[in-house]
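Make the full structure from the sequences, and use the hints.
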Amino acid sequence: MATMQSAYDFQGFRVIHPLEDAPEQKCATEGIGPIAMTPSVRLSLIVLRGYLILMTAMLTWHVLEMAGIFHRLK
Amino acid sequence: MVHPAWTGVVRNTFIPSLPPGRITSDLIFLILAIVGTTIAPWQLFFQQSCVAEKRLRFADLKWARLDTLTGATFTVLVAGAMMVVGNYGLQHGIQFQDPAQMAKALAPFAGHFVRNGILLLMVNAAVLGTTAISLASAWAYGEVRGWPHSLHKKIWEAPGFYAVYIGCVAAAAGIVLIPRMPLQLVIVSVQVFAGIILPSAIIFLQLLLNDRALLGDRWVNRPWNNWINWTIIPVLFALSLLLAAQVMLPKLFS
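Protein sequences appear in the order of chains A and B. Residue numbering for the first sequence follows the working numbering, starting at 1 and increasing by one per position. Residue numbering for the second sequence follows the working numbering, starting at 1001 and increasing by one per position.
Hints are computed from structural coordinates only; laboratory data are not their basis. Just to be clear, a hint being listed does not mean it is correct.
[Stated by the list, open to error] Below, in silico cross-link-like pairs of lysine-lysine (DSS-like), each with a Cα-Cα straight-line distance of 25 angstroms or less: (1) Lys-26/A <-> Lys-1062/B; (2) Lys-26/A <-> Lys-1054/B; (3) Lys-1153/B <-> Lys-26/A; (4) Lys-1062/B <-> Lys-1154/B; (5) Lys-74/A <-> Lys-1054/B; (6) Lys-1251/B <-> Lys-1153/B.
[Stated by the list, open to error] Over the 10 angstroms line for every Cβ pair with chain A, so calculated as not near, a few chain B residues: (7) Thr-1013; (8) Phe-1014; (9) Ile-1039; (10) Leu-1044; (11) Arg-1055; (12) Leu-1056; (13) Thr-1075; (14) Met-1082; (15) Gly-1129; (16) Glu-1143; (17) Gly-1146; (18) His-1152; (19) Ala-1158; (20) Leu-1208; (21) Leu-1215; (22) Ser-1240.
We put the CB at the ideal spot given by N, CA and C, even for glycine.
Now the structure itself:
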């Protein structure tokens, strides 16, 4: 059987690291502006901010209590 | 080497249960800590910054996802192994407060290989945690402030970014070095804090991931993504509210 020979002279693969590759076309963010939010979403986020502040304060209180700080201050 | 009851390990992996006895405030605190450290909110910020830092292309995303899945699977396996070893210690009546004590106490029973393995894991976790969490904070803060924020830049090219990074590492080291600091309480409290802020972080992530104008049809969240996220959020809120109830009514679970 005749040996098959390709006319293409294969010299191996060239690996390009992402850091050395040409920059890729990214999703454009210009002109989009802030996220569109309904009034209910906006209100929910305000409530969420209050929740975060309150829970952080509560956790701080609880941890200080467990560490015995208040007991030592008495 | 430890020879756990594998049927029990597999059953409890897929059908978790509460320890025998009533629900106590310590148990709720611990559950919140486990949730907070398993689905850590800082990882949400770290992941996206890391992808940007590596300058991955859209074509690389599937490999990045595989990378994340491999890392998460390995982490869960290591955590599971630690729980199995801890259970082995408890069954042999070994008292311990932290993994280092557990490693030393287990040496006579399980051998030096287990002891050294546990200690090596702890060092690995400390180095990874210090680097990854501080970097996530520096990347996120630099992004919010509009500073240059990349490890590809020299220190004088991104001074704010490196200052936050070094400041976070120094603050963590400083807290650990404070004499008589209850380190176990500090560790668990930080994990609980992560559990409390996690639902908020996921909500912001949800808003971004459902922004079709920003992400386009190709990357916007699919319904099944939203189903998973909106299932996690109420569970975490419920756990947080349990903590709040516990703080306001300290005798509720005692």
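Do the hints match the structure? See the list:
1. A distance of roughly 17 angstroms separates the Cα atoms of Lys-26/A and Lys-1062/B; the hinted pair therefore holds under the 25 angstroms criterion.
2. Among the hinted pairs, Lys-26/A with Lys-1054/B is consistent with the structure: their alpha-carbon atoms are about 15 angstroms apart, no more than 25 angstroms.
3. Proximity of Lys-1153/B to Lys-26/A is assessed by CA-CA distance (about 21 angstroms); at most 25 angstroms being required, the pair is judged to hold.
4. Taking the CA atoms of Lys-1062/B and Lys-1154/B, the gap is about 30 angstroms. The hint is violated against a cut of 25 angstroms.
5. For the given pair, Lys-74/A sits about 53 angstroms from Lys-1054/B by alpha-carbon distance, which is inconsistent with the 25 angstroms threshold.
6. A C-alpha spacing of about 53 angstroms is found between Lys-1251/B and Lys-1153/B, which places the hinted pair above 25 angstroms, so the restraint is violated.
7. At roughly 29 angstroms, the least C-beta separation between Thr-1013/B and chain A is larger than 10 angstroms, which holds for a residue marked as non-interface.
8. Chain A leaves Phe-1014/B outside its interface by the beta-carbon criterion, the shortest separation being 31 angstroms against a cut-off of 10 angstroms.
9. Consistency note on Ile-1039/B: stated as away from chain A, and its beta-carbon is indeed over 10 angstroms from all of that chain's, at 17 angstroms minimum.
10. Its beta-carbon lying about 15 angstroms from the closest one in chain A, Leu-1044/B satisfies the requirement of being farther than 10 angstroms from that chain.
11. The claim that Arg-1055/B is not at the interface with chain A is violated, since a C-beta of that chain comes within 10 angstroms of its own (minimum 5 angstroms).
12. Distance check for Leu-1056/B against chain A: the nearest CB is about 6 angstroms away, which does not clear 10 angstroms, and the non-interface claim fails.
13. No beta-carbon of chain A is positioned within 10 angstroms of the beta-carbon of Thr-1075/B; the least distance is around 25 angstroms.
14. Chain A leaves Met-1082/B outside its interface by the beta-carbon criterion, the shortest separation being 24 angstroms against a cut-off of 10 angstroms.
15. At roughly 19 angstroms, the least C-beta separation between Gly-1129/B and chain A is larger than 10 angstroms, which holds for a residue marked as non-interface.
16. The beta carbon of Glu-1143/B sits about 13 angstroms from the closest Cβ of chain A, which is more than 10 angstroms, so the claim that it is off the interface holds.
17. With a cut of 10 angstroms on Cβ distances, Gly-1146/B stays outside the contact zone with chain A, its closest approach being about 14 angstroms.
18. Distance to chain A contradicts His-1152/B as a non-interface residue, since its nearest Cβ pair spans about 8 angstroms, not more than 10 angstroms.
19. No Cβ of chain A comes within 10 angstroms of the Cβ of Ala-1158/B; the nearest lies about 17 angstroms off, and the non-interface call holds.
20. The claim that Leu-1208/B is not at the interface with chain A is violated, since a C-beta of that chain comes within 10 angstroms of its own (minimum 7 angstroms).
21. Remark: the non-interface label on Leu-1215/B conflicts with the geometry, its nearest Cβ contact in chain A lying 7 angstroms away (cut-off 10 angstroms).
22. Not every beta carbon of chain A lies more than 10 angstroms from that of Ser-1240/B, the smallest distance being close to 6 angstroms; the non-interface claim is violated.
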